Amino acid sequence: MGVGLPFTPSRALLSLFIALLVFYCLFSEISGPSIQFIPSSYDWSKHTLRYPLTISSMAKPPRGSPVNLPRIQHDFSNPELRKRELETADQRRKDIKQAFEKTWRSYEKYAWGSDELKPLSLEGRDTFGGWAATICDNLDTLWIMGMKREFYRAVDFVTRMDWDIPTADGFNVFETTIRHLGGLLSAYELSGESALLAKAIELGDLLYGTFDNPEHMPPHTIRFKTLKEGTGHPEPRQSAASLGSMSMEFTRLSQQTGNPKYYDAIDYITKAFERTQNETAIPGLWPLQINAEDGFKVTDDTFGMGANGDSLYEYLIKEYVLLQGLEPKYGKMYLTAADAGIKHLMFRPMLPDQDDVLMLGEASFPPRVKESRLSTGVEHLTCFAGGMYALGGRALGRDDHVVIGEKLARGCAKAYAAYPSGLMPEIVQVERCPTLEPCAFEPNYKKEPLGFRAREASYLLRPETIESIFYLYRITGKEDLRDIAWNMWTAIRAATETENAFAAVEDVGAEEIKHKDYMESFWMAETLKYFYLIFEDEEVISLDEWVFNTEAHPLRRMAN
Numbered sequence: 001m002g003v004g005l006p007f008t009p010s011r012a013l014l015s016l017f018i019a020l021l022v023f024y025c026l027f028s029e030i031s032g033p034s035i036q037f038i039p040s041s042y043d044w045s046k047h048t049l050r051y052p053l054t055i056s057s058m059a060k061p062p063r064g065s066p067v068n069l070p071r072i073q074h075d076f077s078n079p080e081l082r083k084r085e086l087e088t089a090d091q092r093r094k095d096i097k098q099a100f101e102k103t104w105r106s107y108e109k110y111a112w113g114s115d116e117l118k119p120l121s122l123e124g125r126d127t128f129g130g131w132a133a134t135i136c137d138n139l140d141t142l143w144i145m146g147m148k149r150e151f152y153r154a155v156d157f158v159t160r161m162d163w164d165i166p167t168a169d170g171f172n173v174f175e176t177t178i179r180h181l182g183g184l185l186s187a188y189e190l191s192g193e194s195a196l197l198a199k200a201i202e203l204g205d206l207l208y209g210t211f212d213n214p215e216h217m218p219p220h221t222i223r224f225k226t227l228k229e230g231t232g233h234p235e236p237r238q239s240a241a242s243l244g245s246m247s248m249e250f251t252r253l254s255q256q257t258g259n260p261k262y263y264d265a266i267d268y269i270t271k272a273f274e275r276t277q278n279e280t281a282i283p284g285l286w287p288l289q290i291n292a293e294d295g296f297k298v299t300d301d302t303f304g305m306g307a308n309g310d311s312l313y314e315y316l317i318k319e320y321v322l323l324q325g326l327e328p329k330y331g332k333m334y335l336t337a338a339d340a341g342i343k344h345l346m347f348r349p350m351l352p353d354q355d356d357v358l359m360l361g362e363a364s365f366p367p368r369v370k371e372s373r374l375s376t377g378v379e380h381l382t383c384f385a386g387g388m389y390a391l392g393g394r395a396l397g398r399d400d401h402v403v404i405g406e407k408l409a410r411g412c413a414k415a416y417a418a419y420p421s422g423l424m425p426e427i428v429q430v431e432r433c434p435t436l437e438p439c440a441f442e443p444n445y446k447k448e449p450l451g452f453r454a455r456e457a458s459y460l461l462r463p464e465t466i467e468s469i470f471y472l473y474r475i476t477g478k479e480d481l482r483d484i485a486w487n488m489w490t491a492i493r494a495a496t497e498t499e500n501a502f503a504a505v506e507d508v509g510a511e512e513i514k515h516k517d518y519m520e521s522f523w524m525a526e527t528l529k530y531f532y533l534i535f536e537d538e539e540v541i542s543l544d545e546w547v548f549n550t551e552a553h554p555l556r557r558m559a560n
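Residue numbers (the numbering used here): 1 to 560.
Hint data in this document are derived by calculation from the structure and do not stem from the laboratory.
A portion of the hints provided could be inaccurate.
What the hints assert, rightly or not - Simulated crosslink set (PhoX-like; lysine-lysine; CA at most 25 Å straight-line):
hint: 1; residue 1: K225; residue 2: K46
hint: 2; residue 1: K109; residue 2: K94
hint: 3; residue 1: K370; residue 2: K343
hint: 4; residue 1: K94; residue 2: K148
hint: 5; residue 1: K407; residue 2: K343
hint: 6; residue 1: K271; residue 2: K297
Since we're looking at a predicted model, the values are computed, not measured.
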C-alpha cells in the first residue's frame, strides 16, 4: 500500500484548480466560446426600396394547429434489429467522418475563407461571391458530426463576415439562398447560436433587395451596383428552379424573426407558379425556362426534373411539410406535378437483367407537335427525385409514390454499379422500354456497360443518388439500401480520394482514373452528410422533425 501525501491548503487549491480546468474544458467543448456578431458595413434592412410593399398587404406564414401529417420515417424500434446493425453502421459512419475530417483540414490549411478548395493545386477559389461558401455550407455538417471546436471556429468566422465586401461584382441569388442563408439558418436551429440568426437576417435583407422591381421577382444573378441602385429585374429566360427554390429559407426566416416580408416575397412567386401550372405545354409541369421579366410567361417547350427544374418540384412538397400542412396549395401543386412527371418524364430503362427500376428523362413539346417527345438522357441531378417521390408519397398518403420513389433511387444506384469505377456519369444515355413494364433487352451500342452510354462522362462528387437512398432507407427501413450506400461509398472513395482531399473524375468509364481540380462545397455539405446520416441513429435529424433544403441543410418543422 502506498503512502498518501499529506493534505495541505496549497494542494487543495491545486486540486480545485485542476477540477475547475477540467470542468471548463468539458463545458466549453459542449457550449462553445462566446461568439461576437460583427454587423456588415451596409445595413440592408434600412435600404430604401423603389417598389416597397406595406406590412398590412403582406402574406404571412400560416399559423394554427398543425395538420396531423402521417409519420414519415419507418419505425426503427426493433431492439434486436438495432443491436445487430449497430456495430457495422458505427464503423461505416466513422469511415465517412474521417473523409470529411480530411477534406475539412485541407480546406482549413489551404483555402480558409475561400468559397472552395481546389483539391489538386491546393489553393482556394471564389465562385460564389467570396463569402466563404464552404464554411457557410458546412456549419451544420460540423455540428451533426460532433466537430464542435471546428464548428465554433467556423461560426466565429462567418459572424464577422461583411456581406458588403465580396470578391466579385455580383452573385447568384439562388445559390446564395440555398448555400449561405440555408446553412446559417440550419446551424442556428441546431446550435441555438444567436449570432448565426443575426447574420442570416443580414443576408436575408440583402436577398430581399433582389425582389425590388416591378415584377417583385429576383433575377438569377445580380450585380451589387445594380442592386443598390434598385435597377435590377428578372430575366426573360430564367431557370424555373431558381425562381421556385427560395421558399423554405425565406419561410423559416419569417418564422424566426416574425417579419412577414420574406414569406410574402416567396408567396408571390408561388402564386405565379400556381396560376400557370395548367397553362403550359405539359399541364402540371413548368418549362425549364420562364419569362419572369414579362408577366411570368411559361411558353417554353422543354420540361424536366434535372438542371433548371429539379428543386422547384422538391420545394413544393418540402414547403408543405415545413408548414405542417397548413398551406394546402403546396401539397396540391406538388401532387399535380408529381403525377404529370410520372406520365411524361418517367421511363423504365432497357437493361439486361430487366431490373425493376425507373429513371427520369427530359420532355420537349415543340410547336405544331401533338405529343411530347421524351429524351432518355438521364442527368445525375434527376437522381434526387427518388427521395422526393418517397417523401411526398408518405406525407400525402400516396403509397404508390413511395414505390415509384424507391424504383427511381434504385435506378440511379444501378447506373453507379454498371460502371467499373462504380460511379455514375454526369449524364448517361439509356434505352427505354415502350412502357413502364419489363421488356426484352435490345442494345443499340457496344463497349460501354450494357444498357448505359455516357453522354457526359465526368463525376463531380454529386449527392443526388445517396440523397435518395438515404430518404428511402429512412422511409422504408429496408436494410439493403444501407449496403447499396456502402458499395457506392467505397467506389467513390477509391476513385476520388487524393493525398489531401477528394476530387472530381474526368471519365467514369476510363481504364485509368484522372482527376479534375474541382471540389464544390456540396461534397461535404451534401454528399458526405447523407452518407454519414444513413449510418447514423435514425432519430438524428429525424424526417418527422426536420426538412432538408436542396443543399441538405435541415430546417425544423415548425408552424409558428
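Checklist entry - Out of the numbered hints, which ones does the structure contradict? => result none
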